[in-house]
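Here is how the chains run, residue by residue.
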Amino acid sequence: MGTISLKNARKAFGDAVIIPGADLDIKDGEFVVFVGPSGCGKSTLLRMIAGLEDLTSGAIHIDGKDMTNEAPSKRGLSMVFQSYALYPHMSVRGNISFGLKMAGLPKAEIEAKVAKAAATLNLTEYLDRKPRQLSGGQRQRVAIGRAIVRNPEGFLFDEPLSNLDAALRVNMRLEIMQMHKDLGATMIYVTHDQVEAMTMADRIVVLNRGVIEQVGSPLELYNKPDSLFVAGFIGSPKMNLIQGSEAKKYDATTIGIRPEHLAISQKEGTWPAKIRLAEHLGADTFLHVDAGPCGMMTVRAEGEYDATADAKIFLTPEPSRIHRFDKDGKAIRK
Amino acid sequence: MARTVSTRRKLIVTAIAWAIGLLIFFPILWTILTSFKTEGEAIALPPKFLFFDWTLENYGVVQERSDYLKFAMNSIMLALGSTFFALVIAIPSAWAMAFAPGRRTKDLLMWMLSTKMMPPVGALLPIYLIFRDFGLLDTRGGIITVLMLLNLPILIWMLYTYFKEIPGEILEASRMDGASLGKELLYVLTPMAIPGIASTLLLNIILAWNEAFWTLALTTKDAAPLTQFIASYSSPEGLFWAKLSAASTMAIAPILVLGWFAQKQLVRGLTFGAVK
Amino acid sequence: MSMATQQTRALGKLAVSPSVFALFMWMIVPLAMTIYFSFLRYNLLDPNPICSLLSPDALLDAENRCLAGITNYSYFLTDPAFFKAMGNSLKLVGWVLVISVVGGTLLALLLDQAFYGRGFVRIMMIAPFLVMPTVSALVWKNMMMNPVSGFLAYLFKLVGLQPIDWFAHAPMTAVVLMVAWQWVPFATLILLTSLQSLDEEQKEAAEMDGTPPLSYFFYIVLPHLIRPMTVVILIETIFLLNIFAEIYVTGTAGRAGNLPFLVYQYGLIANDIGGASAGGIIAVILANIVAVFLMRMIGKNLDT
Numbered sequence: 005m006g007t008i009s010l011k012n013a014r015k016a017f018g019d020a021v022i023i024p025g026a027d028l029d030i031k032d033g034e035f036v037v038f039v040g041p042s043g044c045g046k047s048t049l050l051r052m053i054a055g056l057e058d059l060t061s062g063a064i065h066i067d068g069k070d071m072t073n074e075a076p077s078k079r080g081l082s083m084v085f086q087s088y089a090l091y092p093h094m095s096v097r098g099n100i101s102f103g104l105k106m107a108g109l110p111k112a113e114i115e116a117k118v119a120k121a122a123a124t125l126n127l128t129e130y131l132d133r134k135p136r137q138l139s140g141g142q143r144q145r146v147a148i149g150r151a152i153v154r155n156p157e158g159f160l161f162d163e164p165l166s167n168l169d170a171a172l173r174v175n176m177r178l179e180i181m182q183m184h185k186d187l188g189a190t191m192i193y194v195t196h197d198q199v200e201a202m203t204m205a206d207r208i209v210v211l212n213r214g215v216i217e218q219v220g221s222p223l224e225l226y227n228k229p230d231s232l233f234v235a236g237f238i239g240s241p242k243m244n245l246i247q248g249s250e251a252k253k254y255d256a257t258t259i260g261i262r263p264e265h266l267a268i269s270q271k272e273g274t275w276p277a278k279i280r281l282a283e284h285l286g287a288d289t290f291l292h293v294d295a296g297p298c299g300m301m302t303v304r305a306e307g308e309y310d311a312t313a314d315a316k317i318f319l320t321p322e323p324s325r326i327h328r329f330d331k332d333g334k335a336i337r338k
Numbered sequence: 004m005a006r007t008v009s010t011r012r013k014l015i016v017t018a019i020a021w022a023i024g025l026l027i028f029f030p031i032l033w034t035i036l037t038s039f040k041t042e043g044e045a046i047a048l049p050p051k052f053l054f055f056d057w058t059l060e061n062y063g064v065v066q067e068r069s070d071y072l073k074f075a076m077n078s079i080m081l082a083l084g085s086t087f088f089a090l091v092i093a094i095p096s097a098w099a100m101a102f103a104p105g106r107r108t109k110d111l112l113m114w115m116l117s118t119k120m121m122p123p124v125g126a127l128l129p130i131y132l133i134f135r136d137f138g139l140l141d142t143r144g145g146i147i148t149v150l151m152l153l154n155l156p157i158l159i160w161m162l163y164t165y166f167k168e169i170p171g172e173i174l175e176a177s178r179m180d181g182a183s184l185g186k187e188l189l190y191v192l193t194p195m196a197i198p199g200i201a202s203t204l205l206l207n208i209i210l211a212w213n214e215a216f217w218t219l220a221l222t223t224k225d226a227a228p229l230t231q232f233i234a235s236y237s238s239p240e241g242l243f244w245a246k247l248s249a250a251s252t253m254a255i256a257p258i259l260v261l262g263w264f265a266q267k268q269l270v271r272g273l274t275f276g277a278v279k
Numbered sequence: 017m018s019m020a021t022q023q024t025r026a027l028g029k030l031a032v033s034p035s036v037f038a039l040f041m042w043m044i045v046p047l048a049m050t051i052y053f054s055f056l057r058y059n060l061l062d063p064n065p066i067c068s069l070l071s072p073d074a075l076l077d078a079e080n081r082c083l084a085g086i087t088n089y090s091y092f093l094t095d096p097a098f099f100k101a102m103g104n105s106l107k108l109v110g111w112v113l114v115i116s117v118v119g120g121t122l123l124a125l126l127l128d129q130a131f132y133g134r135g136f137v138r139i140m141m142i143a144p145f146l147v148m149p150t151v152s153a154l155v156w157k158n159m160m161m162n163p164v165s166g167f168l169a170y171l172f173k174l175v176g177l178q179p180i181d182w183f184a185h186a187p188m189t190a191v192v193l194m195v196a197w198q199w200v201p202f203a204t205l206i207l208l209t210s211l212q213s214l215d216e217e218q219k220e221a222a223e224m225d226g227t228p229p230l231s232y233f234f235y236i237v238l239p240h241l242i243r244p245m246t247v248v249i250l251i252e253t254i255f256l257l258n259i260f261a262e263i264y265v266t267g268t269a270g271r272a273g274n275l276p277f278l279v280y281q282y283g284l285i286a287n288d289i290g291g292a293s294a295g296g297i298i299a300v301i302l303a304n305i306v307a308v309f310l311m312r313m314i315g316k317n318l319d320t
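Chains as they are written, first to last, in this note's numbering: chain A, 5 to 338; chain B, 4 to 279; chain C, 17 to 320.
Since the hints were made in silico from the structure, they are not lab data. In this text, all values refer to a predicted model and were calculated from it rather than measured experimentally. Where is the CB? At the ideal position from N, CA and C, for every residue including glycine. A hint or two may mislead.
[What the hints assert, rightly or not] Going by beta-carbon spacing under 8 Å, a handful of chain B positions derived as facing chain C: (1) K13; (2) M80; (3) L83; (4) V124; (5) P156; (6) A234.
Sequences and hints are given; from them, build the entire structure.
Structure (structure tokens):
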């Protein structure tokens with residue numbers, strides 16, 4: 005139904021190559037997150053799937069059909085924009101019904117669908133208002149309503165939550181995930197926030213400078229990052245990366261160990277370290293320590309940890325949790 | 004400033020500002036006052052500000068004798084006509100350059116700007132001769148064409164800057180919603196562009212109404228707008244100040260009103276969007 | 017954001033073509049003809065050409081033309097009226113620029129303050145720019161500057177001075193005054209708009225730093241205003257070089273006539289098309305020099 009695949013999809017603007025060539029297969033009903041730093045091409049890739057950007061070469065297939073040259077409206081996809089992109093001169097009702105109006109549906113049917121979508125999103129009392137009279141969260145719902153009402157094969161989200169405040173963001177995240185469960189449609193979600201990616205995705209696509217670095221479920225990426233980039237990107241706080249003599253001991257150019265996989269002891273351990281700074285979050289404490297030849301490291305301590313500046317501690321990594329990378333930044337798997 | 008300014012300072016500034024404002028506005032104010040005087044009062048010294056015999060006779064005389072209405076009608080037709088035709092050409096051009104730019108668009112815009120900078124005297128002779136030989140002298144159609152071409156660069160630039168301010172994502176959303184190009188233009192772009200188009204329209208009316216080179220050079224009586232009409236008062240017979248004032252007041256009043264509403268548009272249009 | 021997919025690009029080219037065509041014709045055709053005429057001896061009143069005819073242009077009366085080489089140019093340039101006109105053009109532009117930029121800045125600063133009736137004062141200060149040039153010229157010539165009954169004459173007498181016959185004794189000053197009266201509001205409007213865009217936070221930062229008002233003006237306000245000032249100067253120059261109505265209407269052609277008016281005199285009064293065309297080309301060259309600078313300035317804004 006809603007399968008989407010990219011075959012060597014390439015995008016270049018003259019000499020500037022944004023996407024060298026991407027291959028990707030998305031299954032029907034999957035929630036896929038495109039994640040990566042700013043400028044990595046995730047939005048471009050999304051827009052290529054939507055049809056808002058032409059492909060320089062390669063193909064896009066939706067449901068097995070070649071949609072590479074089809075207009076956006078013929079692809080059976082809906083998009084929720086980062087800035088919501090609501091029609092400012094139309095009411096909420098007008099915004100939601102516009103797509104149906106373009107499709108030529110009879111008035112009665114449009115009314116019914118709009119009413120249903122509005123009810124689902126708690127927008128019924130706002131139907132006659134204009135976008136400028138709504139709050140950020142409400143506008144977002146209208147954007148989602150506009151997308152849902154056309155019953156598309158797939159939903160595309162372009163950083164929809166980045167303009168909302170933190171509390172609202174958490175709520176909307178859950179609502180979108182619930183929506184995915186209820187509708188069962190394929191969803192592609194673009195974000196630079198790896199927490200969103202980890203919590204929402206069935207599979208994550210990590211992009212770096214236009215190249216797909218790795219595709220996998222959140223836990224796959226967490227436990228088995230294929231490259232230094234993915235290792236450093238996924239997981240918060242960042243994985244500790246150690247080079248030099250210490251890394252050589254493990255037969256690698258760089259080794260990585262996550263803050264939560266280091267055991268702390270006052271008496272003994274693999275690496276001695278001095279506490280420089282502590283972040284007390286209540287549920288966890290993050291210690292920023294100077295570990296000599298290992299450099300600066302971050303360590304997680306559970307609960308409340310009484311840290312004194314310059315105190316000496318010892319860190320021991322869990323052996324099975326040490327990641328090894330070669331000189332090209334690729335993971336070494338025994 | 005979030006804090007309030009002291010009342011004393013406010014009053015001092017008020018006094019200064021009003022004094023200077025009235026000083027600058029004075030010639031206009033004086034003209035309006037003079038229009039209600041008799042000719043005798045108009046040249047009387049010392050000049051009277053309020054206590055004179057207010058009369059409307061000048062307005063009556065101006066309208067009857069010199070067929071003022073015809074000139075006013077010409078001004079209106081020239082302003083509206085040139086605006087209409089200019090917009091018909093300018094809107095598609097500005098749309099294309101804002102939304103479907105090519106590699107040459109920037110150069111094209113700069114070239115259009117440069118045509119505005121050419122001194123009118125460089126084109127005066129040929130245009131005059133062409134008009135003469137084609138019987139276009141002193142015709143409304145001729146002047147409308149000239150005014151349209153004269154202001155086309157300003158209009159295109161102005162519309163361009165307004166169109167660029169329309170968020171592209173909204174147009175993309177309409178495409179995702181299945182709008183064909185025509186429907187996109189009709190249902191989404193045009194409603195959002197209306198304020199910009201209205202502003203541009205306003206600006207052109209002002210510019211066309213006040214244009215005082217081509218209207219003076221290419222018209223005599225049939226197509227003469229108010230600029231030419233007022234100019235004819237420069238070689239008058241006898242007393243005429245009060246009548247001149249009446250004619251002038253009527254000629255400038257519409258633009259003073261329009262201009263008050265169009266200040267922002269004037270800034271944007273006349274600086275080619277450099278100041279907004 | 018561009019919608020420049022293949023679908024819209026072709027349509028875009030079509031949409032631009034009418035205006036490109038229109039402006040091209042408007043600029044190139046007259047200019048080409050002016051250049052052509054400038055090399056001809058062409059006088060509308062002269063019935064007999066002296067030398068052989070060139071291939072006649074279909075539009076125009078063929079009997080009066082003849083190649084004149086550069087004599088039109090040399091005639092125009094050596095006409096004492098030319099130097100006067102050139103001088104007047106530059107004087108007019110120069111003075112009005114100075115007055116409008118300085119005056120405009122001061123007025124803009126004034127209008128930026130908080131006081132009662134700001135809206136009214138603003139419209140009073142902007143109004144002169146909205147008055148059509150012919151009205152402005154006649155009002156000034158008659159009701160303000162008439163040496164007998166004009167208002168200025170009245171004021172002079174009031175303080176015991178002899179009123180000036182402006183157009184007899186100081187025509188250039190009179191014209192500068194008239195034109196400046198109209199263009200100071202323009203500068204004020206532009207500069208005020210720009211002033212109001214001065215970041216509020218900059219003002220507050222300066223206050224935190226304890227900046228005295230004069231320093232605040234010179235180090236923060238003035239640099240911010242340099243850009244709109246430049247725009248004002250360049251735009252005004254383009255328009256001021258072509259001032260026409262004021263001179264036409266006040267009959268000051270003799271002493272305060274500028275370059276455009278001289279061309280007009282040559283062409284439509286003396287009927288010397290050749291000479292007028294040469295003058296026109298000279299005016300074009302002068303304007304082009306200014307245009308180069310203006311375009312560079314505006315061009316920087318294209319990428320915003």
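message: Let me make sure I understand: some of the numbered hints might not hold for this structure. Which ones are they, in numerical order?
response: 2, 3
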